[in-house]
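From first to last, the protein sequence lines are chains A and B.
With our numbering as the guide, the letters of the first sequence map in order to residues 1 to 121.
With our numbering as the guide, the letters of the second sequence map in order to residues 122 to 283.
Just so you know, not all the hints are guaranteed correct.
No farther apart than 30 Å at their CA atoms in a straight line, the calculated lysine-lysine pairs in the BS3-like style are these [stated by the list, open to error]:
#: 1; chain 1: B; residue 1: Lys-216; chain 2: A; residue 2: Lys-2
#: 2; chain 1: A; residue 1: Lys-2; chain 2: B; residue 2: Lys-174
#: 3; chain 1: B; residue 1: Lys-218; chain 2: B; residue 2: Lys-156
#: 4; chain 1: B; residue 1: Lys-174; chain 2: B; residue 2: Lys-280
Please keep in mind that the hints were generated in silico from the structure rather than gathered at the bench.
None of these values were measured; they are calculated from a predicted model.
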Amino acid sequence: MKKLDFVIIIVAVLVACALYFSGILKFGDSGSYAVVYLNGEEKKRYALSENINDLIQSENGVNEIQILNGSVSIISADCADKICVNHVPIYRNNESIICLPHKMVVEIQNDDKKYIDAVTN
Amino acid sequence: MSKKIAYYSVFASLAILMGYVEAVVQIPVPIPGVKLGLSNIIVLLCMYVMGVKEAFYISIVRVVVSALLFRGFLGVWYSLAGAFLSYFTMIIAYKLKNISVIGVSVVGGIFHNIGQITVAYFMLGRNVVIYLIPVLIISGVITGFIIGIISKYCMEYVKRKI
């Protein structure tokens, strides 16, 4: 290994840590809603306080979403890669599960956003 | 000339094969979808042994073929964005002094992830993907480092044979 190798690795790790710990890109505390987006548009909104199983039908396929004890996971999908199914359950604000083949995003959101919306409205 | 064509095809098919191995054997990591990028070993080898331009052609063939074979049509755009961005940043790193294949590989790993996240940002229309950037930089460093070490040891053998 040469000098610049170390420089690159250290700079990259520092940038990642700076982005994470500065709070700009940090996951928050536990959120209160799971919001499902298809093609960037909001389709459904679930409260994390309830346990629920639901099917999300998109034009490319079906994902089955499960909310259990405040965390969200995808328990089955008819896509090829199954990345969303293998994803760990999410519960913190701004966390997301993304299914690229179905262009589906499940995002955790907080009450804050809703509150701000209410003010601006 | 025919020797060159043979090398092109050997490297291209090796790169595609690496993509296949990765599609079949999933590494158990907590973040799904993170891959080592085994085919980058081949691209790095080409870059150092055959040249920058040659490695670029092999990279294109590899991406288009393996994306269509293993990931479907939509996957082509993610793969192309990742491959192009990582390749061009790797060329820049390669031209620098005082850098070994490990550093070049780390740069490639990081920018491969950045390229894919950029496409995901536009395709999904959700800025939530930017929250993944710190995780993806770190995973790019780790996978790039491993790939760099493997390439370093492979290169000694390949250089001796070619």
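Now the hints, each set against the structure:
no. : hint                     : result
1   : B:Lys-216 with A:Lys-2   : holds, 14 Å
2   : A:Lys-2 with B:Lys-174   : holds, 24 Å
3   : B:Lys-218 with B:Lys-156 : holds, 29 Å
4   : B:Lys-174 with B:Lys-280 : holds, 18 Å
When held up to the earlier numbered hints, the structure conflicts with none and fits them all.
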